[in-house]
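*Asks:* From first to last, the protein sequence lines stand for chains A and B.
Numbered per our numbering, the first sequence finishes at 165, counting up by one with no gaps.
Numbered per our numbering, the second sequence finishes at 177, counting up by one with no gaps.
Hints are supplied without guarantee of correctness; some may be wrong.
[Said to hold, decoys possible] The calculated label-pair distances, taken between Cβ atoms and stated as ranges, are:
| no. | chain 1 | residue 1 | chain 2 | residue 2 | range |
| --- | --- | --- | --- | --- | --- |
| 1 | A | I85 | B | N37 | 25 to 31 Å |
| 2 | A | T78 | B | N129 | 26 to 32 Å |
| 3 | A | N99 | B | G86 | 28 to 34 Å |
| 4 | A | V84 | B | N51 | 22 to 28 Å |
| 5 | A | N99 | B | V119 | 24 to 30 Å |
| 6 | A | A37 | B | I5 | 31 to 37 Å |
| 7 | A | G79 | B | I125 | 20 to 26 Å |
| 8 | B | N90 | A | V84 | 46 to 52 Å |
| 9 | A | F75 | B | L67 | 33 to 39 Å |
| 10 | A | V71 | B | L67 | 38 to 44 Å |
| 11 | A | V84 | B | L11 | 21 to 27 Å |
| 12 | B | T128 | A | V71 | 54 to 60 Å |
| 13 | A | T78 | B | S29 | 41 to 47 Å |
| 14 | B | S46 | A | Y80 | 18 to 24 Å |
[Said to hold, decoys possible] Calculated from the model, a selection of chain B residues having no Cβ within reach of chain A, i.e. all distances over 12 Å:
| no. | residue |
| --- | --- |
| 15 | Q107 |
| 16 | I114 |
| 17 | A165 |
Read the hints as simulated data drawn from the structure, not as lab findings.
Since the structure is predicted, the reported quantities are computational estimates derived from the model, not experimental observations.
Cβ coordinates follow ideal geometry from the N, Cα and C atoms, glycine included.
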Amino acid sequence: MAADRIKKLQGKEVTEKPLDYWTDKKKEDEDIEEKEALIKKYVTTPKTAPVTETKSSGLSRGRLSLFIFVVAAFFVGTGYGIYVISMPSNNSAVAMTVNDSAFPAANNTTANKTNTTTTKSTTAVTTTKNTTPSTTKTTTSTKTIISNNSNNSKKSTSKPTTNST
Amino acid sequence: MRKYIILVIFLVFSVVLASGCVSNNNQSSINKTYSQNNISFKYPGSWEIVNATSPNAVVAVADPKTLENGSPTTLVVIQKPIVATGSDINTIYSSNYAQFFNNSDYQRVSEGNITVNGVNALENIYKTNTTVSPIQYQAIWLNENGNIYVILCIAKVSDFEGQQANFNLILDTFKSQ
Numbered sequence: 001m002a003a004d005r006i007k008k009l010q011g012k013e014v015t016e017k018p019l020d021y022w023t024d025k026k027k028e029d030e031d032i033e034e035k036e037a038l039i040k041k042y043v044t045t046p047k048t049a050p051v052t053e054t055k056s057s058g059l060s061r062g063r064l065s066l067f068i069f070v071v072a073a074f075f076v077g078t079g080y081g082i083y084v085i086s087m088p089s090n091n092s093a094v095a096m097t098v099n100d101s102a103f104p105a106a107n108n109t110t111a112n113k114t115n116t117t118t119t120k121s122t123t124a125v126t127t128t129k130n131t132t133p134s135t136t137k138t139t140t141s142t143k144t145i146i147s148n149n150s151n152n153s154k155k156s157t158s159k160p161t162t163n164s165t
Numbered sequence: 001m002r003k004y005i006i007l008v009i010f011l012v013f014s015v016v017l018a019s020g021c022v023s024n025n026n027q028s029s030i031n032k033t034y035s036q037n038n039i040s041f042k043y044p045g046s047w048e049i050v051n052a053t054s055p056n057a058v059v060a061v062a063d064p065k066t067l068e069n070g071s072p073t074t075l076v077v078i079q080k081p082i083v084a085t086g087s088d089i090n091t092i093y094s095s096n097y098a099q100f101f102n103n104s105d106y107q108r109v110s111e112g113n114i115t116v117n118g119v120n121a122l123e124n125i126y127k128t129n130t131t132v133s134p135i136q137y138q139a140i141w142l143n144e145n146g147n148i149y150v151i152l153c154i155a156k157v158s159d160f161e162g163q164q165a166n167f168n169l170i171l172d173t174f175k176s177q
């Protein structure tokens with residue numbers, strides 16, 4: 001506007017703008033202001049994002065230890081379980097004893113065996129006298145018979161001894 | 001990475017818990033088989049073979065959970081009476097119990113003929129006269145292949161009915177070779 005007045009004073013031609021131009025311009029300005037107001041109201045600019053730390057590709061020491069512990073525990077537990085299942089049971093026929101029977105209690109009629117010892121001694125003496133030459137024969141026979149009721153018999157026989165003079 | 005670790009831990013725990021439950025159940029549910037001394041039979045997986053000092057005992061199996069003072073209260077003893085070949089089982093049975101019940105510790109419950117695994121057998125059920133924890137006996141006498149066997153099933157009177165399925169397992173699978 002001021003520029004137009006200066007131009008008028010200088011005698012230059014000033015293109016007269018129609019009234020609509022100014023109304024449109026005012027409207028455009030109002031729209032821009034309105035848009036800016038809406039943007040201010042509803043559009044929030046993101047805060048300054050924190051600097052993302054580059055994560056290390058490996059596990060931390062604690063986590064790695066935990067992982068190793070869990071895996072080790074799994075294999076140790078599984079191994080022990082297999083060992084226990086496959087282990088033959090040692091407690092069978094050891095801890096428990098039974099004496100129940102469908103038969104009546106046996107009578108205690110154990111025969112008392114009597115051992116008998118018989119000793120037989122036989123001594124036979126034979127003397128033969130001749131005038132010439134003189135010969136004396138002595139024959140001794142001893143028999144010992146040991147027997148018992150169980151038909152076990154022991155016999156000992158001493159050979160006859162002959163003494164000649 | 002953290003997700004993977006949690007997943008691994010979860011899987012490990014799941015496998016351990018599941019396998020523990022499954023294996024434990026299977027272990028006791030699988031029947032065991034005894035096959036020695038010319039006889040064979042099946043018995044419950046949780047039972048054990050025990051020392052039998054009974055006269056002419058072939059084998060004894062018992063439930064270790066019923067152990068009292070070193071002896072189980074639920075058990076089965078298999079005995080083989082020494083008799084001449086071709087002996088009549090009825091005669092041996094009768095003479096046995098004629099003498100057996102002279103002992104006033106026992107009281108007859110029932111007696112009869114039954115069929116065990118397709119074989120005719122004699123059954124004698126009796127119990128002890130004790131008032132505290134009386135014991136019930138089921139003696140099955142059978143002649144298999146010319147051999148006489150006595151299968152003696154024993155349990156507390158209060159437990160006997162509950163143990164009948166285990167006794168039947170042994171009786172139904174008993175075979176003389």
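*Asks:* A separate judgement is required for each hint: does it hold in the structure or not?
*Replies:* Now the hints, each set against the structure:
1. I85/A to N37/B: 25 to 31 Å: holds (28 Å)
2. T78/A to N129/B: 26 to 32 Å: violated (54 Å)
3. N99/A to G86/B: 28 to 34 Å: holds (30 Å)
4. V84/A to N51/B: 22 to 28 Å: holds (24 Å)
5. N99/A to V119/B: 24 to 30 Å: Taking Cβ atoms as reference, N99/A and V119/B lie about 27 Å apart, which means the hint holds.
6. A37/A to I5/B: 31 to 37 Å: violated (51 Å)
7. G79/A to I125/B: 20 to 26 Å: About 49 Å separates the Cβ atoms of G79/A and I125/B, which means 20 to 26 Å is violated.
8. N90/B to V84/A: 46 to 52 Å: With a Cβ separation near 49 Å, N90/B and V84/A satisfy 46 to 52 Å, so the hint holds.
9. F75/A to L67/B: 33 to 39 Å: Taking Cβ atoms as reference, F75/A and L67/B lie about 36 Å apart, which means the hint holds.
10. V71/A to L67/B: 38 to 44 Å: holds (40 Å)
11. V84/A to L11/B: 21 to 27 Å: Given range 21 to 27 Å: holds, Cβ gap about 23 Å.
12. T128/B to V71/A: 54 to 60 Å: holds (58 Å)
13. T78/A to S29/B: 41 to 47 Å: With Cβ atoms ~22 Å apart, the hint is violated.
14. S46/B to Y80/A: 18 to 24 Å: About 22 Å separates the Cβ atoms of S46/B and Y80/A, which means 18 to 24 Å holds.
15. Q107: Correct as stated: the minimum Cβ-Cβ distance to chain A is 15 Å, above 12 Å.
16. I114: At about 15 Å from chain A, I114/B clears the 12 Å cut-off, so the statement holds.
17. A165: At roughly 20 Å from the nearest Cβ of chain A, A165/B sits farther out than 12 Å, so the non-interface label holds.
Checked against the numbered hints given earlier, this structure breaks hints 2, 6, 7, 13; the rest are met.
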